[in-house]
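Novice: Listed below are the residues making up each chain.
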Amino acid sequence: MPHTLEFDSIELSFDTRNILSSIYMRCQTGEVVGLLGRNGSGKSCMMKVVFGAMNAEHKSVRIDGVSLQGNYAGKRLISYLPQEGLIPSYITIKKAFEFFNITIKQVEKDLPEVLQFLHYKPRELSGGYLRLIEAFLVLKSNAPFCILDEPFSGIMPLHVERLIEIINEEKKTKGIIITDHLYRHVTSIADALYVLSNGKLYKIKDKEQLVTLGYISAYE
Amino acid sequence: MRVIFAFYQSFIPITLTVSLIGCVLIYHYGSWHYAIPILFMKVFVNGILALYTYYFNAGQFYFYHNLGFTRRILLVTTCVTDIIIWLLMTLFTLNVLL
Chain V
1 MPHTLEFDSI ELSFDTRNIL SSIYMRCQTG EVVGLLGRNG SGKSCMMKVV
51 FGAMNAEHKS VRIDGVSLQG NYAGKRLISY LPQEGLIPSY ITIKKAFEFF
101 NITIKQVEKD LPEVLQFLHY KPRELSGGYL RLIEAFLVLK SNAPFCILDE
151 PFSGIMPLHV ERLIEIINEE KKTKGIIITD HLYRHVTSIA DALYVLSNGK
201 LYKIKDKEQL VTLGYISAYE
Chain Z
1 MRVIFAFYQS FIPITLTVSL IGCVLIYHYG SWHYAIPILF MKVFVNGILA
51 LYTYYFNAGQ FYFYHNLGFT RRILLVTTCV TDIIIWLLMT LFTLNVLL
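Same order as they appear, the protein sequences are chains V and Z.
Residue numbering for the first sequence follows the UniProt record's numbering, beginning at 1 and increasing consecutively.
Residue numbering for the second sequence follows the UniProt record's numbering, beginning at 1 and increasing consecutively.
Honestly, the hints are just simulated from the structure, not real lab data.
The C-beta atom is built at its ideal place from N, Cα and C for all residues, glycine as well.
Treat the hints with care, since some could be wrong.
[To be verified] Derived, one-sided and incomplete: chain Z residues facing chain V with beta-carbon distance under 7 Å:
#: 1; residue: Ser31
#: 2; residue: Gln60
#: 3; residue: Tyr62
#: 4; residue: Leu67
#: 5; residue: Gly68
#: 6; residue: Thr70
[To be verified] Incomplete in silico selection of chain Z near chain V, CB under 7 Å:
#: 7; residue: Gln9
#: 8; residue: Tyr52
#: 9; residue: Thr53
#: 10; residue: Gly59
#: 11; residue: Thr77
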């Protein structure tokens, strides 16, 4: 039976600037939901609020209709890849895998070339490899829902393809919300697409809407 | 507990130095009275470290949040763990003196 993550009534503002207003989104296990929006539109804030790492004036986050109240981090129902890097500088890649209950066998199967970096710390890795490993950690975590904020950022095309394969594998059992400015990658894997614009969320049905909402130009 | 100790790793060089200075003072002067100012010193240093981490090294909290630990739980548990370690070190030093 598929699980459903829903959130709505998210209200967030900084001083007098309204960032998010009456947001509603739904994501089921077995699907990838793409989130697009211009820089500064509030995508990352929305993801942090849903993950529980940022407070909002109001929010309602539900899984299978059950409201997640207070501090729900301990339930480990949602995993999150932040835009700004995930693994602390003093933790080795091997330790990070252990913390996320990912076995070396799994790494060997899915990302064999990462095995050479197991004893490295994040600063000893290239940005692209680090991002790939961080996205892998979040996707392979036990949480039924994953939120990925710019997972393709800095990753070479070959690894982007591999990451897309892993996302497609994981979506069989998980619900994945993804945002990235490499929007063609997002649109290619997303089962549903939303654009965040002026604090409001719009469900996208065709490419013209992306133009209308000012996310891409008419010549794209 | 291993998650807490992983987070505590980033504090160890400073907090352990303060604890060791406290033990050296107690051992050198042979008086437990030094434990009191050192306790205040530890609370102060831990407070500064917690504030620094909270405001300038906040990115790492997402890692721990994914593991089920919020920043408040992490900071409070780490500070308490550090005080317990300091207390054990101080008791050990006093034991050596006696």
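Novice: None of the hints should be skipped; say for each whether it holds.
Specialist: These are the hints, each one checked on the structure:
no.: 1; hint: Ser31; in the structure: violated, 36 Å
no.: 2; hint: Gln60; in the structure: holds, 4 Å
no.: 3; hint: Tyr62; in the structure: holds, 4 Å
no.: 4; hint: Leu67; in the structure: holds, 6 Å
no.: 5; hint: Gly68; in the structure: holds, 5 Å
no.: 6; hint: Thr70; in the structure: holds, 5 Å
no.: 7; hint: Gln9; in the structure: holds, 5 Å
no.: 8; hint: Tyr52; in the structure: violated, 14 Å
no.: 9; hint: Thr53; in the structure: violated, 10 Å
no.: 10; hint: Gly59; in the structure: holds, 5 Å
no.: 11; hint: Thr77; in the structure: violated, 13 Å
The structure does not agree with the numbered hints 1, 8, 9, 11 stated previously, though it agrees with the rest.
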